[in-house]
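There are 2 protein chains.
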Amino acid sequence: MKPLMTLTATVVFASAGLVLADPLPSWSDTAARERIIAFVDSVTDATSDDYVTPSDRIAVFDNDGTLWGEQPVYFQLIYAVDEVKKMAANDPSILTSDALKAAAAGDYAALAAGGEEAILEVINVSHSGRSVADFQASVAEWLATAKHPTTGLGYDQMTYQPMVELLSYLRDEDFKTYIVSGGGIHFMRVFTEQAYGIPNQQVIGSYGNSAFEMVDGAPTIMKEAGIGFVDDKEGKPINIDRIIGKRPVIAAGNSDGDFAMIEWTTAGEGPRLGLIVHHTDAEREVAYDCDSHIGRLCDGLEKGPDMGWLIVDMAQDWSTVYTGDR
Amino acid sequence: MKPLMTLTATVVFASAGLVLADPLPSWSDTAARERIIAFVDSVTDATSDDYVTPSDRIAVFDNDGTLWGEQPVYFQLIYAVDEVKKMAANDPSILTSDALKAAAAGDYAALAAGGEEAILEVINVSHSGRSVADFQASVAEWLATAKHPTTGLGYDQMTYQPMVELLSYLRDEDFKTYIVSGGGIHFMRVFTEQAYGIPNQQVIGSYGNSAFEMVDGAPTIMKEAGIGFVDDKEGKPINIDRIIGKRPVIAAGNSDGDFAMIEWTTAGEGPRLGLIVHHTDAEREVAYDCDSHIGRLCDGLEKGPDMGWLIVDMAQDWSTVYTGDR
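Going line by line, the protein sequences match chains Y and X. Residue numbers for the first sequence follow our numbering, beginning at 1 and rising by one. Residue numbers for the second sequence follow our numbering, beginning at 1 and rising by one.
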């Protein structure tokens, strides 16, 4: 009997090992976690009617407010303001407008009062007039030192650990994970590979104008002033169609800027999962939705559940919030 | 001694097997083939100074004239003209301009006489006002039946077999292969996966405007009139930076529309390969370069060799031309 007993013991230990390898350890044991795993199990089970072939396993994620924080203002805007401060310290004559003066003073209220035009000016001045390589070196330097005003964490430590785990879990199940964000492509690519395991070619976002120029005898991609494409609202499904050319199987967001992307995803034939991160946790993060000036979420909460979208309740469904809090 | 002899025989046969599995059987035994293989060997050899990590192995290919034919006119324009003919047969009242009348009559000379504006009108009428899905169904139907005027082959049989083999060889060596073409993304994606083994998300090209609309209650990507982006000349490196976010290691083209892309690629640090397909074969294909109305190649021939670019001489370096000729 001994060989059989040994075999049984091996099977028991192997099963225990399988159970222990929880793919989503920072998700609480709630219905949200259960639904995600059941969905992934069904689309990856070759015997299931819901089976999706690996080449069609596309999952798209908004970034700000979905994969990392976005309060009190988008982190990319904090970079832009810090950059204008730095530029003004070198050369105060660049402060030719109220918007730039507000930025140099770190006065976000005054900047917001100037509306979109003011913010665009600060983005233009901080993001253009240099090569992509120089811009990305500047963002990398900022990320290495800047700290968030309320958490004190580095910005790239403010990724949501449960979502980082979800990305990794999906890739283990042969999904291709994409970011589809209102944030800028050149800005995001400085940290997205390391923070999320997502390579540059799977980072989709907004971008400014570019030019191809000879600089010191070398062909160079220069960042220029002006908006090339805003990857928000209807722009998200349009950009997914242009760049990926396939309708995703999973789409995740946190604001009404993600509504069109999730709507288009879940309207596809076959199994689809729409997911919204609802910021309900005033203690560990910030509680906000329909009334927020950033990441406003009204339509998604009102219509999403009827369309079968999974609303993730951050306070209830996540046992950890920030990666840097672990 | 018998075991050793058996082992030796196995090694000999295994080596013979390796030699027989020629990755580029449709390339003649010339310096071009040798240089390509030497380059790939060096960047994939972990002990080489030229080693490139798999995640950076990006290879970009123009399509028209590089991966498939482009004479006597771009095949996408032939689709557009055939489509206008079909639309006019259903409803002659659409023929509201000389350009559309020329298209409906299949009169390419009259169409060319109308210049870019005339061609744009024919593209607009044939490519817009319907969903991406409907447009692609129409292209698929056309590809299944249309024949090239001089070869009599289906258009998707006019891919260049040596280039199809090169794509496959590079993927076997862990390269990610991309198309970066002046052709339209929605048009190309109908055949690129099957013809080249390149998935939709690695097909970069020109595109028209799109809209996200509710059609019969379903969210739909509609193709609209007007140009969104022309993926040609400086647009190619700009689009590679936007979509891939990495400088390629290999870039291949056939016309001066590819010059900027190859220039930017080969100006990068470390090993890079720029490749130009020179159409030298009047017998098996069409011989053309600097004086051609399509695929004009002057700068590449004049400056490319000094920059170390490999000029592939179709007549000399390819033993087969079209995939459909095998």
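Think of the hints as simulated: they come from the structure by calculation, not from any bench. Check before you lean on any hint, since a few could be wrong.
As the list claims (entries may be wrong) - Partner residues are not named here, just some residues of chain X that face chain Y (Cβ under 7 Å, in silico):
(1) Ala144
(2) Lys147
(3) Phe212
(4) Met222
(5) Ile244
(6) Asp256
(7) Glu263
(8) Lys303
(9) Pro305
(10) Met307
(11) Gly308
(12) Leu310
Built from N, CA and C at the ideal position, the CB exists for glycine as well.
Okay, the hints, checked on the actual structure:
{"no.": "1", "hint": "Ala144", "result": "violated, 20 Å"}
{"no.": "2", "hint": "Lys147", "result": "violated, 27 Å"}
{"no.": "3", "hint": "Phe212", "result": "holds, 4 Å"}
{"no.": "4", "hint": "Met222", "result": "violated, 10 Å"}
{"no.": "5", "hint": "Ile244", "result": "holds, 5 Å"}
{"no.": "6", "hint": "Asp256", "result": "violated, 14 Å"}
{"no.": "7", "hint": "Glu263", "result": "holds, 5 Å"}
{"no.": "8", "hint": "Lys303", "result": "violated, 12 Å"}
{"no.": "9", "hint": "Pro305", "result": "violated, 18 Å"}
{"no.": "10", "hint": "Met307", "result": "violated, 11 Å"}
{"no.": "11", "hint": "Gly308", "result": "violated, 15 Å"}
{"no.": "12", "hint": "Leu310", "result": "violated, 19 Å"}
The structure is inconsistent with the numbered hints 1, 2, 4, 6, 8, 9, 10, 11, 12, although it conforms to all the rest.
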